[in-house]
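Top to bottom, those sequences are chains W and C. With the numbering used here as the guide, the letters of the first sequence map in order to residues 1 to 215. With the numbering used here as the guide, the letters of the second sequence map in order to residues 1 to 246.
For the record, the hints were derived by calculation from the structure and aren't laboratory data. Please read all numbers here as calculations on a predicted model, not as lab measurements. Take the hints with a grain of salt, since some may be wrong.
Chain C is nowhere near these chain W residues, computed Cβ spacing over 10 angstroms in every case [as the list claims (entries may be wrong)]: (1) 57; (2) 65; (3) 67; (4) 68; (5) 87; (6) 88; (7) 100; (8) 127; (9) 176; (10) 192.
Calculated Cβ distances over 10 angstroms to all of chain W for the following chain C residues [said to hold, decoys possible]: (11) 11; (12) 187; (13) 195.
Stretch-level coverage of chain W by chain C, calculated; a stretch enters the list once three of its residues show a Cβ under 8 angstroms from a Cβ in chain C [to be verified]: (14) 2-11; (15) 28-38.
Each residue gets a CB set at the ideal place from its N, CA and C atoms; glycine is no exception.
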Amino acid sequence: MPFINKGFHAKRPTDGAHKLPPGQYETEDFPVLTAGPTPRIPLVNWEFRLEGLVENPAQWSWNEFNALPMQSFNPDIHCVTKWSKFDTKWRGVSLDTLLEHVQLKPEARFVMAFSYGGYTTNLPLADLRNGRAFIGLEYEGKPLAAEHGGPARLVVPHLYFWKSAKWVQGLRFMAENEPGFWEDNGYSMRGDPWKEERYRSDDADAPTDSASFRL
Amino acid sequence: MSRLLDWQLATVAAIRPETPRVHTFTLRLPQWTPHRAGQHYDLRLTAPDGYQAERSYSIASPPAQTGEIELTVELIADGEVSGYLFEGVAVGEQLEVRGPIGGYFVWPARSPEAPLLLVAGGSGVVPLMAMLRHRQRAGLRNPAVLLFSIRTPEEVIYQQELEALAAADSSFILLLSYTRQAPAGWAGYQRRLDAAMLAEAVAHLPGPPQCYVCGPTGLVERAATLLQAQGLPDEAIRTERFGPTG
Numbered sequence: 001m002p003f004i005n006k007g008f009h010a011k012r013p014t015d016g017a018h019k020l021p022p023g024q025y026e027t028e029d030f031p032v033l034t035a036g037p038t039p040r041i042p043l044v045n046w047e048f049r050l051e052g053l054v055e056n057p058a059q060w061s062w063n064e065f066n067a068l069p070m071q072s073f074n075p076d077i078h079c080v081t082k083w084s085k086f087d088t089k090w091r092g093v094s095l096d097t098l099l100e101h102v103q104l105k106p107e108a109r110f111v112m113a114f115s116y117g118g119y120t121t122n123l124p125l126a127d128l129r130n131g132r133a134f135i136g137l138e139y140e141g142k143p144l145a146a147e148h149g150g151p152a153r154l155v156v157p158h159l160y161f162w163k164s165a166k167w168v169q170g171l172r173f174m175a176e177n178e179p180g181f182w183e184d185n186g187y188s189m190r191g192d193p194w195k196e197e198r199y200r201s202d203d204a205d206a207p208t209d210s211a212s213f214r215l
Numbered sequence: 001m002s003r004l005l006d007w008q009l010a011t012v013a014a015i016r017p018e019t020p021r022v023h024t025f026t027l028r029l030p031q032w033t034p035h036r037a038g039q040h041y042d043l044r045l046t047a048p049d050g051y052q053a054e055r056s057y058s059i060a061s062p063p064a065q066t067g068e069i070e071l072t073v074e075l076i077a078d079g080e081v082s083g084y085l086f087e088g089v090a091v092g093e094q095l096e097v098r099g100p101i102g103g104y105f106v107w108p109a110r111s112p113e114a115p116l117l118l119v120a121g122g123s124g125v126v127p128l129m130a131m132l133r134h135r136q137r138a139g140l141r142n143p144a145v146l147l148f149s150i151r152t153p154e155e156v157i158y159q160q161e162l163e164a165l166a167a168a169d170s171s172f173i174l175l176l177s178y179t180r181q182a183p184a185g186w187a188g189y190q191r192r193l194d195a196a197m198l199a200e201a202v203a204h205l206p207g208p209p210q211c212y213v214c215g216p217t218g219l220v221e222r223a224a225t226l227l228q229a230q231g232l233p234d235e236a237i238r239t240e241r242f243g244p245t246g
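Please construct the entire structure, taking both the sequences and the accompanying hints into account.
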């Protein structure tokens, strides 16, 4: 018998066209969450790299990257701090497009996204394929603002939004799963909002002893 | 097998108004875990039809206050969770929570002797208050400054305790800035955070501080950028931002 808060009811039912993952609420704002100051990256110095377990590392300048085929994306996004935002409008380069430029080694199964400013986040490689992830360059028809991760941000909308690394500089392909910044601070290794994988202890393979769990 | 972040049923032991729109809820926990100053708990409400709403609230109490936590909650217009907490919850009732959560916006992170600069906007003061309370309860006397931006005198959360702390502890300096309306006869700051204000806050300290900035996005962006411009390294500036969460 689950606990019930007597007299509590939903105040903001959603329109039915969209579904909210458990524990989330809809916002029309675009809140900003960052652990430190916002990096400002001059476009002349910007570069994007695919490295690690690849036969041929790839690298693009800002102009080269913008010459890649772009697509529109309109995902719902979900932040671990409980807000969700429906129908966000982006343009960017699909990860499928980028992955055509490298030959991955067979043992590559995980990815560490790394950013200007030192942020990192880890993802299974499978979560970046089949149209499910892109590098966002425009938001709502304008260049992506620095506070939201511009000039370029990884966007993986089917996972909690901390996996969508702001100020992304590249992806490193790995054989084993390693924790990134928030993951090392106790957050989930996968971050599926529909399974409510917010914290490391929500993961199916979570360690149960405190010695191996640093929160 | 018990997991570390299981939901637990806390009992509301006290409710204290801090300002007209900010209340502190003292929750007694069956499974209390020592937290670090700056961490938060998640709170979950469940309706009879199974609908659930969750929010994160910063812990205001120090880890030395064992067996319970204090969560300071701001009432948000149309707030689903804060509205229920303010209207529907009385002392003795139960609330589901899990925590403590968050490993980066915590103090001390490195040396507890290092100078400490806390910058708060509105209810962003809550996790910084946990740091100040921990500092006091642990007997730490590192030089510390709290620069606290509020709109009006009615909005100063923890005012009496902060003023008493500043009066009793010469190593702690309290700087308030009223951005909309100051009390009668106020001689201190009456403007939004700016470069001169942050330079003065840093100058009160004997060396480069560890900085913790918490508040609305605009204030945090501005403060973090101005602290960078003071020559402080990025890793010395830790931020926590929030817009209103209902």
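Consistency of the hints with the structure:
{"no.": "1", "hint": "57", "in the structure": "holds (27 angstroms)"}
{"no.": "2", "hint": "65", "in the structure": "holds (25 angstroms)"}
{"no.": "3", "hint": "67", "in the structure": "holds (32 angstroms)"}
{"no.": "4", "hint": "68", "in the structure": "holds (30 angstroms)"}
{"no.": "5", "hint": "87", "in the structure": "holds (19 angstroms)"}
{"no.": "6", "hint": "88", "in the structure": "holds (16 angstroms)"}
{"no.": "7", "hint": "100", "in the structure": "holds (35 angstroms)"}
{"no.": "8", "hint": "127", "in the structure": "holds (23 angstroms)"}
{"no.": "9", "hint": "176", "in the structure": "holds (22 angstroms)"}
{"no.": "10", "hint": "192", "in the structure": "holds (16 angstroms)"}
{"no.": "11", "hint": "11", "in the structure": "holds (12 angstroms)"}
{"no.": "12", "hint": "187", "in the structure": "holds (31 angstroms)"}
{"no.": "13", "hint": "195", "in the structure": "holds (15 angstroms)"}
{"no.": "14", "hint": "2-11", "in the structure": "holds (count 10)"}
{"no.": "15", "hint": "28-38", "in the structure": "holds (count 9)"}
Comparing the model with each numbered hint stated earlier shows that all of them hold.
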